[in-house]
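Trainee: Based on the provided sequences and hints, a complete structural model is requested.
For the record, the sequence lines run as chains P and Y.
Taking my numbering, the leading residue of the first sequence gets 1, the next gets one more, and so forth.
Taking my numbering, the leading residue of the second sequence gets 397, the next gets one more, and so forth.
Please keep in mind that the hints were generated in silico from the structure rather than gathered at the bench.
Warning: the hint list may mix true and false statements.
Said to hold, decoys possible - Chain P is faced by these chain Y residues, among others (derived, beta-carbon under 7 Å):
id	residue
1	Gly477
2	Ser481
3	Thr483
4	Gly484
5	Arg487
6	Tyr488
7	Thr514
Stated by the list, open to error - To be clear about the criterion: a stretch of chain P counts as covered by chain Y if any three or more of its residues have a C-beta under 8 Å from a C-beta of chain Y, and this derived list gives those stretches:
id	segment
8	53–66
9	77–88
10	130–137
11	206–213
12	278–292
What the hints assert, rightly or not - The calculated DSBU-like cross-link candidates involving lysine-lysine, where the alpha carbons are at most 35 Å apart (straight line), are:
id	chain 1	residue 1	chain 2	residue 2
13	Y	Lys600	Y	Lys569
14	Y	Lys491	P	Lys240
15	Y	Lys442	Y	Lys600
16	Y	Lys600	P	Lys10
17	P	Lys231	Y	Lys662
18	Y	Lys662	P	Lys47
19	P	Lys231	Y	Lys600
20	P	Lys231	Y	Lys569
21	Y	Lys596	Y	Lys662
22	Y	Lys596	P	Lys200
23	P	Lys47	P	Lys230
24	P	Lys230	Y	Lys491
25	Y	Lys419	P	Lys230
26	P	Lys311	P	Lys230
27	P	Lys370	P	Lys10
28	P	Lys200	Y	Lys602
29	P	Lys47	Y	Lys491
30	P	Lys200	Y	Lys657
31	P	Lys242	Y	Lys600
32	Y	Lys602	Y	Lys569
33	Y	Lys602	Y	Lys662
34	Y	Lys442	P	Lys200
35	Y	Lys569	P	Lys47
Every residue gets a Cβ at the ideal spot worked out from N, C-alpha and C, and that includes glycine.
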Amino acid sequence: MAAVLDRQRKVITGNGAAAYAAMLCRPDVIAAYPITPQSEVVEQLAKFHADGLLDCEYVTVEGENSAQNVVCAATMAGGRAFTATSSYGLVYMYDAMFNTAGYRAPVVMVNVNREPPGIHAVCSGQQDMISVRDTGWVQLVVENCQEILDTVIMAFRLAEDFDIQLPVIVNYDGYYLSFLAESVDIPAIAEVDRYLEVLKRQPPRPQLLPGQPIGCGSHGIGMGYVELRKKHMAAMERVKTKLEEIEGEFAEIFGRSYGGQIEEYRTEDADIVLVTSGSAVGTARAVVDAKREEGVKVGLVKLRLFRPFPKERLSAALRGRKAVGVLDRSICFGWDCGPLYMEVRALTPEMGILPLLSFIDGLANMDITKEHIAGMIDEIKAAAEGRPYQEVTWLP
Amino acid sequence: MAEQRKRRPRVCEYYQNEDQFAKGVALCSGCTLELNLRFVSRVLGKDIIFVGTPSCSAPVLHGQNTMAWHRHPYYACTMTGVASSATGLTRYYQKAGIEATVVCHTGDGCAMDVGFQTLSGAAERNEKIIYITYDNEGYMNTGIQQSSGTPFGAATSTTPLGRESRGKTTASKNMPMVMAMHDVPYVATATLSHLEDYAKKLVKAKAASKEGFAYIHVFCPCVPGWRIPTDASIQVCREAVRTNYFPLWEMERGVWRITQKVKEPKPVSELTRLVGKLRHLNDEELARLQAQVDHRFRVLQALCVASEGVPQSES
Numbered sequence: 001m002a003a004v005l006d007r008q009r010k011v012i013t014g015n016g017a018a019a020y021a022a023m024l025c026r027p028d029v030i031a032a033y034p035i036t037p038q039s040e041v042v043e044q045l046a047k048f049h050a051d052g053l054l055d056c057e058y059v060t061v062e063g064e065n066s067a068q069n070v071v072c073a074a075t076m077a078g079g080r081a082f083t084a085t086s087s088y089g090l091v092y093m094y095d096a097m098f099n100t101a102g103y104r105a106p107v108v109m110v111n112v113n114r115e116p117p118g119i120h121a122v123c124s125g126q127q128d129m130i131s132v133r134d135t136g137w138v139q140l141v142v143e144n145c146q147e148i149l150d151t152v153i154m155a156f157r158l159a160e161d162f163d164i165q166l167p168v169i170v171n172y173d174g175y176y177l178s179f180l181a182e183s184v185d186i187p188a189i190a191e192v193d194r195y196l197e198v199l200k201r202q203p204p205r206p207q208l209l210p211g212q213p214i215g216c217g218s219h220g221i222g223m224g225y226v227e228l229r230k231k232h233m234a235a236m237e238r239v240k241t242k243l244e245e246i247e248g249e250f251a252e253i254f255g256r257s258y259g260g261q262i263e264e265y266r267t268e269d270a271d272i273v274l275v276t277s278g279s280a281v282g283t284a285r286a287v288v289d290a291k292r293e294e295g296v297k298v299g300l301v302k303l304r305l306f307r308p309f310p311k312e313r314l315s316a317a318l319r320g321r322k323a324v325g326v327l328d329r330s331i332c333f334g335w336d337c338g339p340l341y342m343e344v345r346a347l348t349p350e351m352g353i354l355p356l357l358s359f360i361d362g363l364a365n366m367d368i369t370k371e372h373i374a375g376m377i378d379e380i381k382a383a384a385e386g387r388p389y390q391e392v393t394w395l396p
Numbered sequence: 397m398a399e400q401r402k403r404r405p406r407v408c409e410y411y412q413n414e415d416q417f418a419k420g421v422a423l424c425s426g427c428t429l430e431l432n433l434r435f436v437s438r439v440l441g442k443d444i445i446f447v448g449t450p451s452c453s454a455p456v457l458h459g460q461n462t463m464a465w466h467r468h469p470y471y472a473c474t475m476t477g478v479a480s481s482a483t484g485l486t487r488y489y490q491k492a493g494i495e496a497t498v499v500c501h502t503g504d505g506c507a508m509d510v511g512f513q514t515l516s517g518a519a520e521r522n523e524k525i526i527y528i529t530y531d532n533e534g535y536m537n538t539g540i541q542q543s544s545g546t547p548f549g550a551a552t553s554t555t556p557l558g559r560e561s562r563g564k565t566t567a568s569k570n571m572p573m574v575m576a577m578h579d580v581p582y583v584a585t586a587t588l589s590h591l592e593d594y595a596k597k598l599v600k601a602k603a604a605s606k607e608g609f610a611y612i613h614v615f616c617p618c619v620p621g622w623r624i625p626t627d628a629s630i631q632v633c634r635e636a637v638r639t640n641y642f643p644l645w646e647m648e649r650g651v652w653r654i655t656q657k658v659k660e661p662k663p664v665s666e667l668t669r670l671v672g673k674l675r676h677l678n679d680e681e682l683a684r685l686q687a688q689v690d691h692r693f694r695v696l697q698a699l700c701v702a703s704e705g706v707p708q709s710e711s
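Mentor: Spelled out as structure tokens, the structure:
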């Protein structure tokens, strides 16, 4: 048993990595409801619990809405709580997510990206995470199984930080990452304890306890509401620097880091840049390398932090380029483009006017192939050279 | 007989503490919900944690900004999240070894309609909480709309009387019975005309909540919603019991017992004539309501007989 909690290298799936990470952070309460492609996370946690490795209250709720309410209340009582969901489940807990964020409840949640309801697709796609972007949660998007594990651990540090106290979602692509088995370095629980220990030394959070008349969720009337909204927004802004700070400390203990809000890959001298997130980044990295071989001065920006949007670092990374393309695994109704593209376009005052191209690919498990990305880079290059280009391209 | 009466504890003997609520609160004259809140708080004690939702009770329970009208810890959530939020609280307290009594307090609309799934789920998991439904038979806070607690024939703002409508066309959900069928340790009905009966049930519910789920369904007439005089709400409670419209019973570990036996039940018309929302019922409609009341009571009696002396084994 104890061996499982020592440092080890194992081949595990993305879902397995998420479950290991949650277990290593010693949550007090876990509540989750199964849904494809997330189910393995809750099954694995149930097994850890059944085997006595995970000393927590494991609540087998009757739906995602309840899962979210359980973890929100458990953190308001003073505990550490974790949940995991996907797609239909995420939108089923939509009302409760506003509560969790509004209460500044430091819940950590894994969302395994999948297309949401409408056209029934049991397939990958990032539309689910896009649809909850205005709930007031911090959102991170990750690229591979190791990053899933590391980011879930960092998410607890971030959520429970006294300066932040916000719920955090760690998003990863369903199918492409949830079921992908990779070699993952699983830290020892003692190392994770050491990393999270700083949280115990901060001033205590308010707790809802018997005998202590604290109201949680009182009516925000007039300025009472405005004040809480303003403070929530300020905490959200603090996430940007805090993430990089806690990632620095993570690197000191575990020897791995991911660039904080964004990761720039071969952008130093790049004329053109492709921006994307999630599992497509790995493919894009390989294509950028190949294009560099051909002499194309192309770089890649991986968006890790989606909420708050890393506008300062992103505009600095894109300013002065000859053209930029944004690859989305979701769509933005009403703007006729991809949502990340729309947000990058909003950086125009900071990054300057330059040709911007939106690529929509990978909906409903359609593979984002090397050929697709090579084609995107060709288009961005053509735009950079002043040739006419199409603003929005759907692939395949 | 006189001696026997003396031995029976009076309602104030159940009080654990002073009233924890402010003297003036924003509820209507004659509101049974206000009485219910103050009573629950005094019998269950200072240390309970209330969980509630947007509702008539919200202005009093929620507080506004940093102002509050009571001294209890309080957790407000969405109507879909009461029993699940209470689950989160009680599970953390169990994990942390903190002694606590978590009390959900919601209206019938939350318990029986929009929050029913999460309530049923928490009961099935046998969460250690007390859930109190104050049943005023509709959505009173939002303007007297029908809920699944609204009885057959009642006029509400979404089942209004009209040329083509005689009020609600279906019966109310028999919610306390539905909850009893979840095989939880304790389920009871109560109302504010029978406070000793209610107090005893609260004490039992508190004890039961240390082992698992306890549910109390409280009949709470609404003065403006039911169109009754401000001084008539307790009388309406009493008539509901005397007509068997709202029988007082409890289910303890699978054993059903009627706690207030009515020797000669009055016809349900004795209740409906007091209540504006039901006063329009004609003979045929009254007969239908009476038949439903009689049938539910016969089922209750049958359960009492069938389960007598045969408690369910510990779950």
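Trainee: Decide, hint by hint, whether the structure agrees.
Mentor: These are the hints, each one checked on the structure:
Of the supplied interface hints, the one on Gly477(Y) holds, with its beta-carbon coming within about 4 Å of a beta-carbon of chain P, less than 7 Å. Taking 7 Å as the C-beta cut-off, the interface hint given for Ser481(Y) holds, the closest approach to chain P being about 4 Å. Restraint check, Thr483(Y) versus chain P: the minimum CB separation of about 5 Å is within 7 Å; hint holds. Because the beta carbon of Gly484(Y) sits about 3 Å from the nearest beta carbon in chain P, less than 7 Å, this interface hint is met.
The closest approach between the C-beta of Arg487(Y) and any C-beta of chain P is roughly 4 Å, which is under the 7 Å cut-off, so the hint is satisfied. For Tyr488(Y), the interface hint holds, the least distance from its beta-carbon to any beta-carbon of chain P being 4 Å, beneath 7 Å. The closest approach between the C-beta of Thr514(Y) and any C-beta of chain P is roughly 5 Å, which is under the 7 Å cut-off, so the hint is satisfied. Here the segment 53–66 of chain P counts 9 residues with a CB under 8 Å from a CB of chain Y, which clears the bar of 3, and the coverage holds.
Counting residues of the segment 77–88 of chain P whose C-beta sits closer than 8 Å to any C-beta of chain Y gives 4, which meets the bar of three, so the coverage hint holds. Residues of the segment 130–137 of chain P with a Cβ under 8 Å from some Cβ of chain Y number 0, which does not satisfy the need for three, so the listed coverage is violated. For the segment 206–213 of chain P, the assignment as covered by chain Y holds, since 6 residues bring a beta-carbon within under 8 Å of that chain's beta-carbons and 3 suffice. With a threshold of 8 Å between beta carbons, the proposed coverage of the segment 278–292 of chain P by chain Y is violated, since 0 of its residues qualify and at least three are required.
Taken as a hint, the Lys600(Y) and Lys569(Y) pair is honoured in the structure, with Cα atoms around 25 Å apart against an allowance of 35 Å. This hinted pair checks out: Lys491(Y) and Lys240(P) have alpha carbons roughly 33 Å apart, not beyond 35 Å. A threshold of 35 Å between alpha carbons decides the hint, and for Lys442(Y) with Lys600(Y) the separation of about 17 Å falls inside it, so the pair holds. With a C-alpha separation of about 52 Å, the suggested pair Lys600(Y) and Lys10(P) falls outside the 35 Å cut-off, and the hint is violated.
Note on Lys231(P) and Lys662(Y): the hinted pairing is violated, with a Cα-Cα distance of about 60 Å set against a maximum of 35 Å. At most 35 Å may separate the alpha-carbon atoms for a hinted pair to count; Lys662(Y) and Lys47(P) exceed this at roughly 58 Å. For the proposed pair Lys231(P) and Lys600(Y), the alpha carbon gap of about 44 Å is over 35 Å, so the pair is violated. A distance of roughly 44 Å separates the Cα atoms of Lys231(P) and Lys569(Y); the hinted pair therefore is violated under the 35 Å criterion.
Among the hinted pairs, Lys596(Y) with Lys662(Y) is consistent with the structure: their alpha-carbon atoms are about 26 Å apart, no more than 35 Å. Of the supplied pair hints, the one linking Lys596(Y) and Lys200(P) is violated, its CA atoms being roughly 43 Å apart against a limit of 35 Å. Simply put, Lys47(P) and Lys230(P) have alpha-carbon atoms about 42 Å apart, too far for the 35 Å limit, and the pair is violated. With a CA separation close to 34 Å, the supplied pair Lys230(P) and Lys491(Y) stays within the 35 Å bound.
Among the hinted pairs, Lys419(Y) with Lys230(P) is consistent with the structure: their alpha-carbon atoms are about 34 Å apart, no more than 35 Å. Restraint check: the Cα-Cα separation between Lys311(P) and Lys230(P) comes to about 19 Å, which is no more than 35 Å; the hinted pair holds. Restraint check for Lys370(P) and Lys10(P): the C-alpha separation of about 28 Å stays at or below 35 Å, so the hint holds. The hinted pair formed by Lys200(P) and Lys602(Y) meets the criterion: a straight-line CA distance of about 34 Å does not exceed 35 Å.
Restraint check: the Cα-Cα separation between Lys47(P) and Lys491(Y) comes to about 19 Å, which is no more than 35 Å; the hinted pair holds. A distance of roughly 57 Å separates the Cα atoms of Lys200(P) and Lys657(Y); the hinted pair therefore is violated under the 35 Å criterion. The straight-line distance between the Cα atoms of Lys242(P) and Lys600(Y) is roughly 50 Å, outside the 35 Å bound, and the hint therefore fails. A threshold of 35 Å between alpha carbons decides the hint, and for Lys602(Y) with Lys569(Y) the separation of about 25 Å falls inside it, so the pair holds.
The straight-line distance between the Cα atoms of Lys602(Y) and Lys662(Y) is roughly 33 Å, inside the 35 Å bound, and the hint therefore holds. Pair hint Lys442(Y) plus Lys200(P) holds up; C-alpha atoms about 30 Å apart against a cutoff of 35 Å. A C-alpha spacing of about 39 Å is found between Lys569(Y) and Lys47(P), which places the hinted pair above 35 Å, so the restraint is violated.
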